[in-house]
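Chains as they are written, first to last, in my numbering: chain E, 17 to 309; chain B, 17 to 309.
Incorrect hints may appear among the rest.
For chains that are exact copies, the list does not tell them apart, and a pair is met inside one copy or across any two.
As a list, the in silico SDA-like pairs of lysine to any residue whose alpha-carbon atoms are at most 25 Å apart [claimed, not checked]:
#1 K172 with G242
#2 K172 with S277
#3 K290 with P37
#4 K290 with L36
#5 K290 with D201
#6 K290 with D166
#7 K288 with G167
#8 K87 with E103
#9 K172 with G111
#10 K290 with Q168
#11 K172 with T126
#12 K112 with L211
#13 K69 with R140
#14 K173 with G279
#15 K173 with D76
#16 K69 with K173
#17 K288 with T131
#18 K173 with E276
#19 K288 with G89
#20 K172 with I136
#21 K172 with E276
#22 K145 with E43
#23 K288 with E240
Please keep in mind that the hints were generated in silico from the structure rather than gathered at the bench.
Number of protein chains: 2
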Amino acid sequence: MSRPAPRLVEVGPRDGLQSLPGVVPLEAKVAFVDALSLSGLSEIEAGAFVSPKAVPQMADSEKVFAQITRKPGVIYSALVPNEKGLERALAAKIGKAAVFTAASEPFNQTHIHATIAESIERVRPVVAKVKTVGLPLRAYISTAFWCPFDGQIAPKKVVEVARRLQGLGINELSIGDTIGKASPDEVRRLLDELLKSVPVEQIFLHFHDTYGKAVANALAAWSEFGVYGFDASTGGVGGCPYAPGASGNVAMEDLVSAFESAGGRTGVDAAKLKAAAALLVPHAGPRLGKISA
Amino acid sequence: MSRPAPRLVEVGPRDGLQSLPGVVPLEAKVAFVDALSLSGLSEIEAGAFVSPKAVPQMADSEKVFAQITRKPGVIYSALVPNEKGLERALAAKIGKAAVFTAASEPFNQTHIHATIAESIERVRPVVAKVKTVGLPLRAYISTAFWCPFDGQIAPKKVVEVARRLQGLGINELSIGDTIGKASPDEVRRLLDELLKSVPVEQIFLHFHDTYGKAVANALAAWSEFGVYGFDASTGGVGGCPYAPGASGNVAMEDLVSAFESAGGRTGVDAAKLKAAAALLVPHAGPRLGKISA
């Protein structure tokens, strides 16, 4: 299996920061994104245009997008749940929109208050509108391996959701191990099925490192299946607030280190990632998943 | 490659606790070891008979050995640097002795104040004495992949040290990635060489999770080379004191989870490991590498 250059998507400023118990000040968010822009990363999810009541951590996403220094060539994306959010996001000049659903019914119903089918119907008008303005579209599929309510998720369930999203015209899928429980063998089983329906260039894997398996999962997907899209969060920011020290999103610097030492050229400067992570320490404190030594 | 049942060695009460900046009280150590004894682990390194001045965290190892409730079938081992330490260790009724050296000259000189050759000569009388009392012997080889002073370590250097230790009659080698920097490819390169000289049953791999690669390394060694001995530390205790949140020893519960989900029967109850780790939280606090959610 060839080992293509990894495409790494930074999700710390959105998925990471929204998992923290407190709200990180606007200026720290802007400084974090600006530091990330200097690292060689080509895509940064910089905010979410969701209800400020539901996710207070993302209430200032307009201001983040207005105040960051955009580096040419870097895509600044945002999570967009519905048409109202999309209007705000387009006004903020996002470079890519991301919608979301999950592969587990109870997870969808708990977090999105909709069935999977309803959540996909909700994104249909968002997708249609994004297409008219010519922006690329990503869709998150959460709980693609394990659900905290429903246990292990069958690969065919994920494939079914993936195909429905493809039918809407989504350009890429981010397949999430939301609770960090997936093992390399489970990743292999899903990719065996998923790659029959979804082209490899449309697949991003979104691992959490709660049980320390994220790097093993990413290396298995990359070296054995040629999957080369991966999400990660600089500093591992976004650990579970109920388990001090537990990791959330896999740390971007860990993926960079793992790929580089396996011959994958990421184009990302790990020292600059560390500098970016250091900016968060006063705000994320001991909940910062990891600062590599 | 067959996937033999993993043999897991708990090093938290020694390698983990000695890396903490403060000293954990005796009763907490005893409670930690006793909780670990209930988890199904078959070997626990419970202390070190080193100079209390050099390693104050281990000054009460005699008392730990005196106060723990020994579970039949569990080996309670200890680190022993020299003949004086061995006398104390034998009086404390250890079940296995462990000596140590490193594969890097500058690391040896900084931490053991001896050349590699001198450090091996120092353990010779310890080994001879241990043999006369019929206890099994382990030797640690630190910095077997990367040295903080000397960079990458050539596999042939590790093999050379391993063969010298074998010549003394050591029963098992714990090959350490002291700074957590090894990648699966580097593990493969070392094992390609090492397995030509050392039988697989004498090899234990001792990974640190500083860069999130420990589980990937362990799974590669196990599934591709049939190595089945691994050290780990419950709770991931022993993170680098200079990098808050950074991991030290790979968490035992992460190895258990990774092996079990890959079909390796560890015989260890992860819930009981978590209960043991929870006992350390008041003492290790945010420096506890990880408490799995």
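Results for each hint:
1. Within a single copy, K172 and G242 get their C-alpha atoms as close as 20 Å, which meets the 25 Å cut-off; across copies the closest is 32 Å, which misses it.
2. In this homomeric assembly, K172 and S277 come within 25 Å of each other (Cα to Cα) only across copies, at 19 Å, whereas the closest approach inside a single copy is 33 Å.
3. Taking the closest pair of Cα atoms, K290 and P37 come within 25 Å of each other both inside a single copy (22 Å) and across two copies (23 Å).
4. For a Cα distance limit of 25 Å, the shortest separation of K290 from L36 qualifies both inside one copy, at 19 Å, and across copies, at 23 Å.
5. For the homomeric pair K290 and D201, the shortest alpha-carbon distance between copies (24 Å) is at most 25 Å, but the shortest distance inside one copy (31 Å) is not.
6. For the identical chains of this complex, K290 and D166 are inter-copy neighbours only, at 22 Å across copies versus 36 Å inside a copy, given an alpha-carbon limit of 25 Å.
7. For the identical chains of this complex, K288 and G167 are inter-copy neighbours only, at 21 Å across copies versus 38 Å inside a copy, given an alpha-carbon limit of 25 Å.
8. In this assembly of identical chains, K87 and E103 lie within 25 Å of each other by CA distance solely inside one copy; the values are 23 Å within and 65 Å between copies.
9. Proximity of K172 to G111 under the C-alpha cut-off of 25 Å is found in neither arrangement, the shortest distances being 31 Å within a copy and 50 Å between copies.
10. In this homomeric assembly, K290 and Q168 come within 25 Å of each other (Cα to Cα) only across copies, at 21 Å, whereas the closest approach inside a single copy is 34 Å.
11. Taking the shortest alpha-carbon separations for K172 and T126, only the intra-copy value of 22 Å comes in at or below 25 Å, while the best inter-copy value is 55 Å.
12. For the homomeric pair K112 and L211, the shortest alpha-carbon distance inside one copy (24 Å) is at most 25 Å, but the shortest distance between copies (50 Å) is not.
13. Within a single copy, K69 and R140 get their C-alpha atoms as close as 24 Å, which meets the 25 Å cut-off; across copies the closest is 68 Å, which misses it.
14. For the identical chains of this complex, K173 and G279 are inter-copy neighbours only, at 23 Å across copies versus 34 Å inside a copy, given an alpha-carbon limit of 25 Å.
15. Proximity of K173 to D76 under the C-alpha cut-off of 25 Å is found in neither arrangement, the shortest distances being 35 Å within a copy and 55 Å between copies.
16. Taking CA atoms no more than 25 Å apart as the test, K69 paired with K173 passes in neither setting, with 31 Å inside one copy and 59 Å between copies.
17. Taking the closest pair of Cα atoms, K288 and T131 never come within 25 Å of each other, the shortest separation being 41 Å inside a single copy and 36 Å across copies.
18. Within a single copy, K173 and E276 get their C-alpha atoms only as close as 33 Å, which misses the 25 Å cut-off; across copies the closest is 24 Å, which meets it.
19. Taking the shortest Cα distances, K288 and G89 sit within 25 Å of each other inside one copy (18 Å), while across copies they are farther apart (50 Å).
20. For the homomeric pair K172 and I136, the shortest alpha-carbon distance inside one copy (17 Å) is at most 25 Å, but the shortest distance between copies (57 Å) is not.
21. Taking the closest pair of Cα atoms, K172 and E276 come within 25 Å of each other only across two copies (23 Å); inside a single copy the shortest separation is 33 Å, beyond that limit.
22. For the homomeric pair K145 and E43, neither the shortest alpha-carbon distance inside one copy (31 Å) nor that between copies (64 Å) is at most 25 Å.
23. For a Cα distance limit of 25 Å, the shortest separation of K288 from E240 qualifies neither inside one copy, at 29 Å, nor across copies, at 34 Å.
Hints 9, 15, 16, 17, 22, 23, counting from the list given before, are not met by this structure.
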